[in-house]
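**Q** Going down the list, the protein sequences come from chains A and B. Residue numbering for the first sequence follows the numbering used here, starting at 53 and increasing by one per position. Residue numbering for the second sequence follows the numbering used here, starting at 100 and increasing by one per position.
The set of hints was computed from the structure by calculation and includes no laboratory data. There could be a bad hint or two in this list.
Straight line, CA to CA, 20 Å or less: simulated PhoX-like cross-link-like pairs of lysine-lysine [what the hints assert, rightly or not]:
1) B:K170 x A:K125
2) A:K159 x A:K140
3) A:K147 x A:K173
4) A:K61 x B:K221
5) A:K124 x B:K170
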Amino acid sequence: MPTNFIELKASDVETLDSELRTLCARSGAEAVVLLDLSGAVLSFHRVPESIDVLMFSALLASNFAATEELSKKLGVTDFRVIYHEGKKQNLYFDKVSDESVLVVLFKDSNALGRVRLFCEKAVPELARAVAAVTKPPEAAAAMTQGREVAGAIRQMVDSLKTPKGGG
Amino acid sequence: MAIHNEPARELTYKIAYHGPGMSGKTTNLRFIYNTLPGRQAGKMLVLDTAVERTLYFDFLPLVFSLPDGYKVRFHLYTVPGQSYYDASRKLILRGVDGVVFVADSRSQRFQDNVDSMEHLKKDLSEMLLDYGTIPLVMQYNKRDVRDVTPVGELDAKLNDRKVPFFESVAVDGVGVFETLSAIADAATGKR
């Protein structure tokens, strides 16, 4: 079967942004990312420009998926949190739903317990918000609404072959 | 999983390049990355081993603008081809919206292609996806080398769904964008 898809309206974007802003403030986090476990970003807050958020999310999702798979092999159930401790910064993962995870980047000077507490408070609301924007595959056809995507790619590739300059 | 961000006027799709080890999956992504200007292709992430085999995955984000102002993003991933990466390979297929199967046309790799196609079917099933309906495009790569299996023979054995297929020489870019356009069509439901 095709996969579900995520449909974000303006109000959904605001809800997710607001939740992440609040979590960031309360937990003292440096940055927060909510991502779908296929690797796509749903929302993020305060991610520094030096971090490529798309690449960051692809790696975070694969990291979580690999650890989740490991836990299955080990027979660990209800696995939902990962913590990576660095010298100056740490990463905390908290599973929001079957298809999404919350990731918090925080400094060593911040307490893990504080981050964990406020993540636990944020997760139920985020889970509701993610459930509300997750749509069945049947509705996905309306996404493209007849847009000629391949045509745009071909046109762009053709434009690369066109000699520049001249007149 | 496809995403429609209405206020940002963006659509996002995940595409996986699957196939046996050394068939040219990473080469496809590298050619796209090296050809497209920076505004279309983001940074390419390559997680490989010392012998340039994909360890976990490669990742390349692309973005194209449509005439109506919408942007379509494709997140291209490759999976590791070697069979000993079975456990990690299937994870890359999570939530995938389209698959390009890159076959190695060299005669001695024929069975590897067949095995890899079986892996794809099994991996999709384990990720709760259906091989019979997932948007799929075939690419028969390395058509420039000697001793290749005839395309008809490859297609008869590998392409049981009779989806679009392309002959390619990915290292020179032959067939690379044709394949990308076809999977874009299939993944966005235009096929």
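**Q** Taken at face value, is the distance from the CA of A:K173 to the CA of A:K147 at most 20 Å?
**A** holds, 13 Å
**Q** Holds or violated: A:K159 with A:K140, Cα cutoff 20 Å?
**A** holds, 6 Å
**Q** Check whether the Cα positions of A:K124 and B:K170 lie no farther apart than 20 Å.
**A** violated, 38 Å
**Q** Need the status of pair A:K61, B:K221: alpha-carbon distance at most 20 Å?
**A** Given pair A:K61, B:K221 is violated - Cα atoms ~35 Å apart, limit 20 Å.
**Q** Does the alpha-carbon distance linking B:K170 and A:K125 stay inside the 20 Å limit?
**A** violated, 40 Å
The structure fails to meet hints 1, 4 and 5 from the earlier list, while all remaining hints are met.
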